[in-house]
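If you want the building blocks of each chain, they are given just below.
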Amino acid sequence: GAVVSQHPSWVICKSGTSVKIECRSLDFQATTMFWYRQFPKQSLMLMATSNEGSKATYEQGVEKDKFLINHASLTLSTLTVTSAHPEDSSFYICSVDGLAEARGTDTQYFGPGTRLTVL
Amino acid sequence: TQLLEQSPQFLSIQEGENLTVYCNSSSVFSSLQWYRQEPGEGPVLLVTVVTGGEVKKLKRLTFQFGDARKDSSLHITAAQPGDTGLYLCAGAGRQAGTALIFGKGTTLSVSS
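Here the protein sequences line up with chains W and F, keeping their order.
Those letters in the first sequence? Residues 934 to 1052, per this note's numbering, in order.
Those letters in the second sequence? Residues 289 to 400, per this note's numbering, in order.
I should point out that these hints are in silico values taken from the structure, not numbers from a laboratory.
Some hints here could point you the wrong way.
To be verified - Straight-line C-alpha distance at most 30 Å; calculated DSS-like pairs for lysine-lysine:
no.: 1; chain 1: W; residue 1: LYS974; chain 2: F; residue 2: LYS392
no.: 2; chain 1: W; residue 1: LYS947; chain 2: W; residue 2: LYS997
no.: 3; chain 1: W; residue 1: LYS974; chain 2: F; residue 2: LYS344
no.: 4; chain 1: W; residue 1: LYS997; chain 2: F; residue 2: LYS347
no.: 5; chain 1: F; residue 1: LYS345; chain 2: W; residue 2: LYS997
no.: 6; chain 1: F; residue 1: LYS392; chain 2: F; residue 2: LYS358
no.: 7; chain 1: W; residue 1: LYS988; chain 2: F; residue 2: LYS345
no.: 8; chain 1: F; residue 1: LYS347; chain 2: W; residue 2: LYS953
no.: 9; chain 1: F; residue 1: LYS345; chain 2: W; residue 2: LYS974
Bound conformation, chain F alone:
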C-alpha cells in the first residue's frame, strides 16, 4: 500500500515568515500534485510535478519533486494571511486512471 506522510500537520506563523511543507513516501509516484483548500470549498490544484528533481515556482510558492520521485516539498516565502488554508499533497501511482494517494494535509494559519 502506498502512503504519503505529510508534515507538519499544523502550522501557525506570522506574516512574512517562510515555511516548508514536506511529503514523503517509500513508494515511487508517476506524478505528484499539490492542492490548497479553503473551508467549505473543494481543493484547488496548485501544481503537478512529474519529473524527478523538478522545481516549479508559482509566485512565492516553490514546489520540488525529489530525484527519486518519492518525496516533494512546498516552500512558501514571506507568507501572507491569504495563504491560510489546508495544503494537500497527492501522489499518482503508475496505473493510469487510479485514485490519488493523499497526505493527511497541513493546516496553515498566517496571522498579520
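Isolated chain W (complex conformation):
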C-alpha cells in the first residue's frame, strides 16, 4: 500500500496562532488527498477533499477560511488551521486515494495523524 507521512506528529500552540500540517505521499503520486478530524474514541469526520492543482472541496459545516488546504504538488497537501482556538484541538489525519495503486478500488491509505492542542 501507499506510504503516507504527516508532519508534525504533534503540536501545541497558543490561541490565535496558525498551525500548518503537512501530508506527504512518499511512494506514489496522489491527485486526491483527504483531510479528516477525529475526536477520542470516535470515527473519522471528513473535513475536505484536496485535489492537486485546484481548490479543495469542503464538507458542510467546515469553514474554508479557517481550514486552508493547499495541494500544490502530487505528493504534498497542507492543512493550515488559522487563528486556532481550543475547540480546534483534535487529531487531524490525512489520507491518500490509492485508486491507481489498488487497481481500481477506492482504497485509502492514512497518515499517522497530527495531534493539535490549542491552549
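Here the structure of chain W is known, so what remains is to put chain F in place on it, guided by the hints.
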C-alpha cells in the same frame, strides 16, 4: 446520502473469545475497506473487499462482503490482547476518487 451502520460500538471481551463486527447499509458500495486504529496513530488498512459474497481471511480475522454489496462483517477468532483497538469499516461509492463513507467504529478491548 449513503450511510454505514456499524455495530457494536463498544466490545469488551476476554482473551480467547470470538467476536463479530457488522457494517450495514441500504446502499450498494463498489468496495468496502476495514481498518484498525490504535490510539494516537492513523488507521491501518486490513482488507479491501470488492466482489459480492467475497470472503477474505487474514490469520484469525475473517472478512465477508454481502452478496448485494450492502453489508460486511469482520469475525475475529480467539481474540488476543493485541487485537485491542478501534475497527473502522468504510465503503466506497461508485464514483472514483470520492471520499469513503465511514462507519462509527467499534472499540474493541481484549483483556487477558
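Here is what the structure says about each hint:
1. W:LYS974 x F:LYS392: Holds - the C-alpha atoms of LYS392 (chain F) and LYS974 (chain W) are around 9 Å apart, at most 30 Å.
2. W:LYS947 x W:LYS997: At roughly 21 Å apart (the allowed maximum being 30 Å), LYS997 (chain W) and LYS947 (chain W) satisfy the hint.
3. W:LYS974 x F:LYS344: holds, 27 Å
4. W:LYS997 x F:LYS347: violated, 43 Å
5. F:LYS345 x W:LYS997: Violated: LYS345 (chain F) and LYS997 (chain W) sit about 41 Å apart, past 30 Å.
6. F:LYS392 x F:LYS358: The hint holds at about 16 Å.
7. W:LYS988 x F:LYS345: At roughly 40 Å apart (the allowed maximum being 30 Å), LYS345 (chain F) and LYS988 (chain W) break the hint.
8. F:LYS347 x W:LYS953: violated, 40 Å
9. F:LYS345 x W:LYS974: OK: LYS345 (chain F) and LYS974 (chain W) at ~26 Å, within 30 Å.
Violated hints for the displayed structure, listed by number in ascending order: 4, 5, 7 and 8.
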